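Peer 1: Letter by letter, the chains look like this.
Protein chains: 2
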Amino acid sequence: MKSVLAVCLNPALDREFVIDNFKIDKLNVVPNEKNKMTPGGKGVNVAVILSKYNIPSIVTGFIGGYVGNVLLSELRKIDSLISTSFVHISDETRENIAIADTVNHTLTEINSEGPVVDLHSIEAFLKRYEVLVQQVKTVVISGSIPRGVPNSIYGELTKIAKRYNKTVFWEARDEIILESMKIAFPDVLKYDLRRSEKILGNILNTEKEYVEATKEFIKKGARLVILSYKTVFDFVGTVDGVWKFSPKVNIDHSYLLGAGDTFVASMIMAQLEGKCCVDMARYGYAAAVAKTSYMGKEPPSRQQIEEYLSLVSSERVE
Amino acid sequence: MKSVLAVCLNPALDREFVIDNFKIDKLNVVPNEKNKMTPGGKGVNVAVILSKYNIPSIVTGFIGGYVGNVLLSELRKIDSLISTSFVHISDETRENIAIADTVNHTLTEINSEGPVVDLHSIEAFLKRYEVLVQQVKTVVISGSIPRGVPNSIYGELTKIAKRYNKTVFWEARDEIILESMKIAFPDVLKYDLRRSEKILGNILNTEKEYVEATKEFIKKGARLVILSYKTVFDFVGTVDGVWKFSPKVNIDHSYLLGAGDTFVASMIMAQLEGKCCVDMARYGYAAAVAKTSYMGKEPPSRQQIEEYLSLVSSERVE
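Residue numbers (full-length UniProt numbering), protein chains in the order written: chain R, 1 to 318; chain C, 1 to 318.
Next up, chain R with everything else stripped away, as it sits in the complex:
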């Protein structure tokens, strides 16, 4: 039995070109060694991190076109612990080009709009998903939703997973959580607040408001809630109370990329090893903080995470 089903509804091929002195209205050349591509999308990222921790996973979602084929080939190259079972669609998968200029310190992004998924493909996906979900212990659903797919899909998928008694993790934005929680709640709910600060439709400001929101989710049915606060803190809630997590070290904000996915993947690892609730969250948080201590895409090692457990504090606030 595979351990994890990683649902990545809207995967992306992330391309990076390093072009020094990148200029508009000119011919710019990308040297071959500065032209990179990596499979992306939050669900895919979680599966890749899990593979570094030796945890096998199946990745599913929608994939299509030339970009989708490249993404699949590259994903399969990363680790044989990752298997893929995507529904193929006719539109092209997202292609995100980032042009890094190390002289002028700019990052110019060119993203494709992404695919539109039709109802027929959604039906095919739901059938496929129900088969896959029975083959795993844990389901993680993470990241954006392509056009054509309703925001309630996280809820629908969770309802199916719960029919088979699976543990379900979400990391998503407010509009997805708002619609999906009308249908079902995950075991672990983590907000993706990178692009929007909204929680339950409101922009929260004070710590008190975060604590109240945390309690609200627990009341509604989540078992563990994680709301990031001012980027480097987290409010964590269970039926037993609310905690505020803080780092005891300085966080370099330029190394934050990938910290959220590391958080989720490490919680899954902790859960598969028997940790629960606040301990599981603390493990994920320590991994995320460890991730910000260096540049590069690799997740922290097990040993680094263990070290960082003593470099984070969890203060009970309610």
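Because the hints were derived from the structure by calculation, they are not lab data.
Here the structure is a predicted model, which means the values were calculated and not measured.
Just so you know, even glycine gets a beta-carbon here, dropped at the ideal spot from N, CA and C.
Please note: incorrect hints may appear among the correct ones.
What the hints assert, rightly or not - Capping the alpha-carbon separation at 27 Å, the derived lysine-lysine pairs in DSS-like fashion look like this:
id	chain 1	residue 1	chain 2	residue 2
1	R	Lys34	C	Lys23
2	R	Lys230	C	Lys26
3	C	Lys159	R	Lys26
4	R	Lys23	C	Lys36
5	C	Lys198	C	Lys215
6	R	Lys297	R	Lys77
7	R	Lys26	C	Lys198
8	C	Lys297	R	Lys36
9	C	Lys26	R	Lys26
What the hints assert, rightly or not - For the chain R half of the interface with chain C, some residues (derived, Cβ under 10 Å), not all of them:
id	residue
10	Asp25
11	Lys26
12	Leu27
13	Val29
14	Pro31
15	Tyr66
16	His88
17	Asp91
18	Glu92
19	Ile97
20	Thr106
21	Ser112
22	Gly114
As the list claims (entries may be wrong) - Using C-beta positions, here's what the derived DEER-type ranges look like:
id	chain 1	residue 1	chain 2	residue 2	range
23	C	Leu257	R	Lys34	21 to 31 Å
24	C	Glu175	R	Arg128	53 to 63 Å
25	R	Asn111	C	Tyr294	28 to 38 Å
26	C	Ser90	R	Tyr164	55 to 65 Å
27	R	Lys297	C	Arg302	50 to 60 Å
28	R	Thr231	C	Leu257	44 to 54 Å
29	R	Lys297	C	Ser196	36 to 46 Å
Place chain C on chain R using the hints.
Peer 2: Here is chain C on its own, set in the frame of chain R:
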């Protein structure tokens, strides 16, 4: 028997994104309907134009990687009259991204460096080429050369073609012509002067210098030479003399894209239909001028070319 072997040593996938208000250091989104890709490289372009005139061709050269696969699929979609017989290499084929901003009227180009071809692949190509060349009447070699392949390759390929009595067309830049003409001369030599104005190592200025250069190539062994002069004129030479071709209509310089490839493809069409020498060149020139009379990638129709034959003048200058 296929009519034409089109040699495109360094094909490219041409991608066009229309992004209005394209900005550095920002996230830019390309709408799906403004995200286009077309197979490119001058040899490929000639084959595509020939297919519009119902002339079958085989395209050969080096192709590789994900970009190469996309190029091949897209090329095969264009017309079943085009067959492909590329040598596959491990490096990625060129990907040329053009970002058109119709608000600020800029064209930002991002080109990959292109592949490096190893000796083993060059050998494989030469063997393949010798088989293919026997299947056609005419060989056209056009465009740039990837790294690793010597500039003399046009000459080597022509020497092989001449062993089987094929008609050979070149369109290339000076550095290729200089090295290749040491080995063999084509029947039709057309200079690609878009990026460099050099002819036989010198920058020519006066009409007299162009006439002398034209005569020099004929003396050295070419049967027909075409040197474009101030973009819209051409000096054309044969053993019988030198002509200056001029348009009788105004040329819109913004529609020049593709005129050179149209020129070559139309000369090939004329040659296959029995035209020779200056008449063949005049036919190609009329097609190129017709091509500049409208926007768009489609080549002019046969009827348009016939009409433009009366809109160009060919004045004997020597």
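Peer 1: Now tell me if each hint is right for this structure.
Peer 2: Hints versus structure:
1. A threshold of 27 Å between alpha carbons decides the hint, and for Lys34 of chain R with Lys23 of chain C the separation of about 21 Å falls inside it, so the pair holds.
2. As the CA atoms of Lys230 of chain R and Lys26 of chain C are separated by approximately 23 Å, the hinted pair is consistent with the 27 Å bound.
3. As the CA atoms of Lys159 of chain C and Lys26 of chain R are separated by approximately 39 Å, the hinted pair breaks the 27 Å bound.
4. Taken as a hint, the Lys23 of chain R and Lys36 of chain C pair is honoured in the structure, with Cα atoms around 22 Å apart against an allowance of 27 Å.
5. Of the supplied pair hints, the one linking Lys198 of chain C and Lys215 of chain C holds, its CA atoms being roughly 16 Å apart against a limit of 27 Å.
6. Note on Lys297 of chain R and Lys77 of chain R: the hinted pairing holds, with a Cα-Cα distance of about 16 Å set against a maximum of 27 Å.
7. Taken as a hint, the Lys26 of chain R and Lys198 of chain C pair is honoured in the structure, with Cα atoms around 22 Å apart against an allowance of 27 Å.
8. For the given pair, Lys297 of chain C sits about 31 Å from Lys36 of chain R by alpha-carbon distance, which is inconsistent with the 27 Å threshold.
9. The suggested pairing of Lys26 of chain C with Lys26 of chain R holds, with an alpha-carbon distance near 18 Å, which does not exceed 27 Å.
10. The restraint placing Asp25 of chain R at the interface with chain C holds, with a minimum CB-CB distance near 4 Å, inside the 10 Å limit.
11. Hint status for Lys26 of chain R relative to chain C: holds, with the closest Cβ pair at about 7 Å, below 10 Å.
12. Residue-level restraint check for Leu27 of chain R holds (minimum Cβ-Cβ distance to chain C is 4 Å; threshold 10 Å).
13. Taking 10 Å as the C-beta contact cut-off toward chain C, the hint placing Val29 of chain R at the interface holds, the least distance being around 5 Å.
14. This hint holds: Pro31 of chain R has a C-beta 6 Å from the nearest C-beta of chain C, less than the 10 Å allowed.
15. Annotation: Tyr66 of chain R was flagged as interfacial toward chain C, and the flag holds, the nearest CB pair being 5 Å apart, inside 10 Å.
16. A hinted interface residue such as His88 of chain R counts as satisfied when its beta carbon comes closer than 10 Å to some beta carbon of chain C; here the least separation is about 15 Å, so the hint is violated.
17. Residue-level restraint check for Asp91 of chain R holds (minimum Cβ-Cβ distance to chain C is 7 Å; threshold 10 Å).
18. The beta carbon of Glu92 of chain R is positioned within 10 Å of a beta carbon in chain C (closest approach about 7 Å), and the interface hint is therefore held.
19. Nearest Cβ of chain C to the Cβ of Ile97 of chain R: about 8 Å, under the 10 Å cut. The hint holds.
20. Look at Thr106 of chain R: its Cβ gets to within about 4 Å of chain C, closer than 10 Å, so that hint holds up.
21. Against a cut-off of 10 Å between C-beta atoms, the interface hint on Ser112 of chain R holds, since the closest Cβ of chain C lies about 5 Å away.
22. A least Cβ separation of about 8 Å between Gly114 of chain R and chain C falls short of the 10 Å threshold, and the interface hint therefore holds.
23. Against the hinted window of 21 to 31 Å, the Cβ-Cβ separation of Leu257 of chain C and Lys34 of chain R comes to about 28 Å, which satisfies the hint.
24. The given range of 53 to 63 Å is respected by Glu175 of chain C and Arg128 of chain R, whose C-beta atoms sit roughly 55 Å from each other.
25. Between Asn111 of chain R and Tyr294 of chain C the CB atoms are about 33 Å apart, so this pair conforms to the stated range of 28 to 38 Å.
26. Hint check: Ser90 of chain C to Tyr164 of chain R, Cβ distance near 45 Å, so the stated range 55 to 65 Å is violated.
27. Lys297 of chain R and Arg302 of chain C have their C-beta atoms about 56 Å apart, which keeps the hinted 50 to 60 Å range intact.
28. The hint said 44 to 54 Å for the Cβ distance between Thr231 of chain R and Leu257 of chain C, and at roughly 48 Å that hint holds.
29. Distance hint check for Lys297 of chain R and Ser196 of chain C: the Cβ-Cβ separation is about 42 Å, which falls inside the suggested range of 36 to 46 Å.
Figure legend: structure checked against the earlier numbered hints; hints not met, in rising order: 3, 8, 16 and 26.
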